[in-house]
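Protein chains in written order, with the working numbering: chain A, 246 to 348; chain B, 76 to 260.
Do not take every clue at face value.
[Claimed, not checked] Facing chain A, a subset of chain B residues (Cβ under 7 Å, in silico):
{"hint": "1", "residue": "Ala94"}
{"hint": "2", "residue": "Pro95"}
{"hint": "3", "residue": "Arg127"}
{"hint": "4", "residue": "Ala128"}
{"hint": "5", "residue": "Trp131"}
{"hint": "6", "residue": "Asp135"}
Keep in mind the hints are simulated off the structure, nothing from the lab. Just so we're clear, the structure is a prediction, and the values are computed from it rather than from any experiment. All C-beta atoms in this analysis are idealised placements derived from N, C-alpha and C, irrespective of residue type, glycine included.
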Amino acid sequence: MADYLGEFEQLILLALARLGDEAYGVTIRTTLIERTKRKPSFGAIYSTLRRMEDKGLVRSFAGEPEAVRGGRAKKHVVLTPRGRAALREAHAAIVRMAEGVSL
Amino acid sequence: MKHPLTFLLRIGRSAHERAPLLGDLEEECRARLARGSNHPAVFVWYTAEILRAFFWGLRDAIRAFVRRFADLRAVSMLSPSDLTLSLRLLIRSPGLTVVSTVGITVGIAIASAMFGYIHSNFDPAIPLDEGDRLVSLENWDTAGNNENRHSLHDFITWRDQMYVRHRDQRISRGQRDDAGGRLRA
Numbered sequence: 246m247a248d249y250l251g252e253f254e255q256l257i258l259l260a261l262a263r264l265g266d267e268a269y270g271v272t273i274r275t276t277l278i279e280r281t282k283r284k285p286s287f288g289a290i291y292s293t294l295r296r297m298e299d300k301g302l303v304r305s306f307a308g309e310p311e312a313v314r315g316g317r318a319k320k321h322v323v324l325t326p327r328g329r330a331a332l333r334e335a336h337a338a339i340v341r342m343a344e345g346v347s348l
Numbered sequence: 076m077k078h079p080l081t082f083l084l085r086i087g088r089s090a091h092e093r094a095p096l097l098g099d100l101e102e103e104c105r106a107r108l109a110r111g112s113n114h115p116a117v118f119v120w121y122t123a124e125i126l127r128a129f130f131w132g133l134r135d136a137i138r139a140f141v142r143r144f145a146d147l148r149a150v151s152m153l154s155p156s157d158l159t160l161s162l163r164l165l166i167r168s169p170g171l172t173v174v175s176t177v178g179i180t181v182g183i184a185i186a187s188a189m190f191g192y193i194h195s196n197f198d199p200a201i202p203l204d205e206g207d208r209l210v211s212l213e214n215w216d217t218a219g220n221n222e223n224r225h226s227l228h229d230f231i232t233w234r235d236q237m238y239v240r241h242r243d244q245r246i247s248r249g250q251r252d253d254a255g256g257r258l259r260a
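Just chain A, with the same shape it has in the complex (with noise of 0.2 Å):
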């Protein structure tokens, strides 16, 4: 059975998907903001993304620091096949329940 997902995890783990390589806390929120119209703060998505990392269903790793970042790394997030076979399942149980329905 796949891991349940909250509807904030799977908006994460659909701008993760969208994003690939290019996915962190910065790319992640503005993703959010431009296609659910929603302002997530950086604590929600972290602290989002740290549970999501320990269920295993992402898995992340520093890039190099940066001047524009006060030479701090990114923390770059990418999807495991554990994560993508959670959304799809999540994905695939709303279209389930979409059939049909006229909204």
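Mind docking chain B on chain A? Use the hints.
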């Protein structure tokens, strides 16, 4: 951009998570400045983000604590979901959270100060060993077999009156005080 509240991010976050988070905030601040935002507005946004990240970190720390000490669930009236819901509500409105926290803090400080002032000025200790620990005294009239209630202040007044009367008697007899000097009226 340096900010005095960045230490709040230490709660519930490791150094490996804190550094990229601060980097993201720094990058976003510079992007906002480049888009034409002024420094005060960016500083306010930065402060709000730090506070929101702090509450998320606090929530994670409490969750980890509850998970680690699962036995606390049995003795606590609050379930983890109660704590989660309350923290979510606090995170959702950080302004209200700060105002209510400051209000409660000031209220407790004023109440403590007033209690200390009243206790020291209007609630004297009676002249017995550890007299300040007594909360009530009973006075029994054996002749009339009645209870004769008095407040602590009555005993203090009686003590002072007895002391003055005893001192007057010693003065009238020409006795010396405890230090050896002659008593004067």
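Structure-based check of all given hints:
1. Ala94: holds (5 Å)
2. Pro95: holds (4 Å)
3. Arg127: Because about 4 Å separates B:Arg127 from the closest Cβ in chain A, which is inside the 7 Å limit, the hint holds.
4. Ala128: holds (3 Å)
5. Trp131: holds (4 Å)
6. Asp135: Result: holds, 5 Å to nearest chain A Cβ.
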